[in-house]
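Residue 103 in the working numbering sits at position 103 of the sequence shown, and the numbers go up by one each step.
By construction, these hints were calculated from the structure, which means they are not laboratory data. One should not assume that every hint holds.
Label pairs and their in silico Cβ distance ranges [stated by the list, open to error]:
1) L47 to V93: 21 to 27 Å
2) R91 to L181: 27 to 33 Å
3) L181 to D13: 57 to 63 Å
Ideal placement from N, C-alpha and C gives every residue a C-beta, glycine not left out.
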Amino acid sequence: MDELWTHIGISPDGALGVAVASALLYVLYSVVLTLWGPRLFSSSSTLSVALLTVLGSLMARAMLGDFPTLGGAIVAAATLLLMEAIIGRLRKVSTPAWAKRATAPRHRPRVVMIEGQFVDRPKRERVTSDADVLLRLRTAGLRHVDDAALVILESRGGVTVLRRGERIDARLLEGVLGAELVPGHLVGAA
Numbered sequence: 001m002d003e004l005w006t007h008i009g010i011s012p013d014g015a016l017g018v019a020v021a022s023a024l025l026y027v028l029y030s031v032v033l034t035l036w037g038p039r040l041f042s043s044s045s046t047l048s049v050a051l052l053t054v055l056g057s058l059m060a061r062a063m064l065g066d067f068p069t070l071g072g073a074i075v076a077a078a079t080l081l082l083m084e085a086i087i088g089r090l091r092k093v094s095t096p097a098w099a100k101r102a103t104a105p106r107h108r109p110r111v112v113m114i115e116g117q118f119v120d121r122p123k124r125e126r127v128t129s130d131a132d133v134l135l136r137l138r139t140a141g142l143r144h145v146d147d148a149a150l151v152i153l154e155s156r157g158g159v160t161v162l163r164r165g166e167r168i169d170a171r172l173l174e175g176v177l178g179a180e181l182v183p184g185h186l187v188g189a190a
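Working from the sequences, and respecting the hints, build out all of it.
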């Protein structure tokens, strides 16, 4: 029975170690995703998917300590859920300074294409490649680039495509970088 406990159980010191490691790695992974997540999620490359998978796997394995057990996994999962609940409540109350910096211009939604033409942006402001945007247009069912009246790269990496002949409510452009470039005939009631 002791050998069985060795494989599924965890000591109080081990549980504390797993809880601390899980909390610290949760914070680290959250910071990584806040800083580089939009770039990683907007890219459809295999490298981006592999990088996110490897980072997640490394974090998960590191949380469990030297000898992973069922008890350690339960402690790690409970810690992660608790951290998510705590951070979620804190976000409702206030936004920390580092998160405000993360939602600064680099991670705000931005206009990337108007009437089939890419918006000219300095390289330092590019968070995704033109090829990725074109892939998203094909995925959205567009058959011609000119059919895209307006394309917005969202803060979490998704792409909003407004087709030719459609209009967008001005309220939906609030906080979007480059909204001032959108021609008036594209803005208004649907």
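Against the structure, the hints:
1. L47 to V93: 21 to 27 Å: violated, 37 Å
2. R91 to L181: 27 to 33 Å: holds, 31 Å
3. L181 to D13: 57 to 63 Å: holds, 59 Å
Hint check: a violation occurs at hint 1 only; the rest are consistent with the structure.
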